[in-house]
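Trainee: Sequence:
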Amino acid sequence: MTPRAALVTLLLAAWSAPSVAQALHPGSGAQSVEVGAGSNASGSQSTALGNGAQATGSHSTATGQGSHATGSNSTATGQDANASGTSSTATGQGSQATGSNSTATGQDATASGA
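The end of the sequence shown is residue 191 by this note's numbering, with every number in the run present.
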């Protein structure tokens with residue numbers, strides 16, 4: 078299952094849980110959704126899940142407190158994970174994927190190459 082498919086499954090399940098469903102709200106980006114205090118889904122078709130999560134790149138997903146997915150088609154999963162490269166993936170607490178098409182996996186992992 079892809080990260081996006083897992084996210085969709087999670088969101089669909091959330092609609093049936095009243096307390097979580099009340100926390101879901103549209104983001105400012107077209108077809109985007111945000112969940113969590115201070116979350117921001119301003120990228121087109123982006124998803125921000127978690128307090129302070131930021132999904133500002135188009136088609137980006139930020140999951141976890143303080144995570145940032147700013148690159149187009151990027152995914153940041155984990156507390157304070159950062160995926161700023163185009164089509165980059167950062168998975169793990171504090172991981173950083175800054176290069177285009179880069180993948181950083183693990184706590185505090187870094188992938189900065191293009």
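Treat the hints as calculated values from the structure; they're not laboratory data.
A quick note: this is a predicted structure, and the numbers were derived from the prediction, not measured.
Cβ coordinates follow ideal geometry from the N, Cα and C atoms, glycine included.
There could be a bad hint or two in this list.
[Unchecked claim] Per label pair, the in silico range of CB-to-CB distance:
id : residue 1 : residue 2 : range
1  : Ser121    : Gln184    : 29 to 37 Å
2  : Asn128    : Pro80     : 27 to 35 Å
3  : Asn128    : Ala83     : 26 to 34 Å
4  : Ala83     : Pro103    : 27 to 35 Å
5  : Gly190    : His102    : 35 to 43 Å
6  : Gln108    : Ala83     : 23 to 31 Å
7  : Pro103    : Thr187    : 30 to 38 Å
8  : Asp185    : Pro80     : 31 to 39 Å
9  : Gly190    : Gln108    : 13 to 21 Å
10 : Gly190    : Gly115    : 17 to 25 Å
11 : Ser189    : Ala114    : 29 to 37 Å
12 : Ser105    : Arg81     : 26 to 34 Å
Trainee: Evaluate each hint against the coordinates.
Mentor: So, going through the hints one by one against the coordinates:
no.	hint	verdict
1	Ser121 - Gln184: 29 to 37 Å	holds, 30 Å
2	Asn128 - Pro80: 27 to 35 Å	violated, 20 Å
3	Asn128 - Ala83: 26 to 34 Å	violated, 20 Å
4	Ala83 - Pro103: 27 to 35 Å	violated, 21 Å
5	Gly190 - His102: 35 to 43 Å	holds, 37 Å
6	Gln108 - Ala83: 23 to 31 Å	violated, 18 Å
7	Pro103 - Thr187: 30 to 38 Å	holds, 33 Å
8	Asp185 - Pro80: 31 to 39 Å	violated, 20 Å
9	Gly190 - Gln108: 13 to 21 Å	violated, 31 Å
10	Gly190 - Gly115: 17 to 25 Å	violated, 31 Å
11	Ser189 - Ala114: 29 to 37 Å	holds, 31 Å
12	Ser105 - Arg81: 26 to 34 Å	violated, 20 Å
In summary, the structure is inconsistent with hints 2, 3, 4, 6, 8, 9, 10, 12 from the numbered list given earlier, while agreeing with the others.
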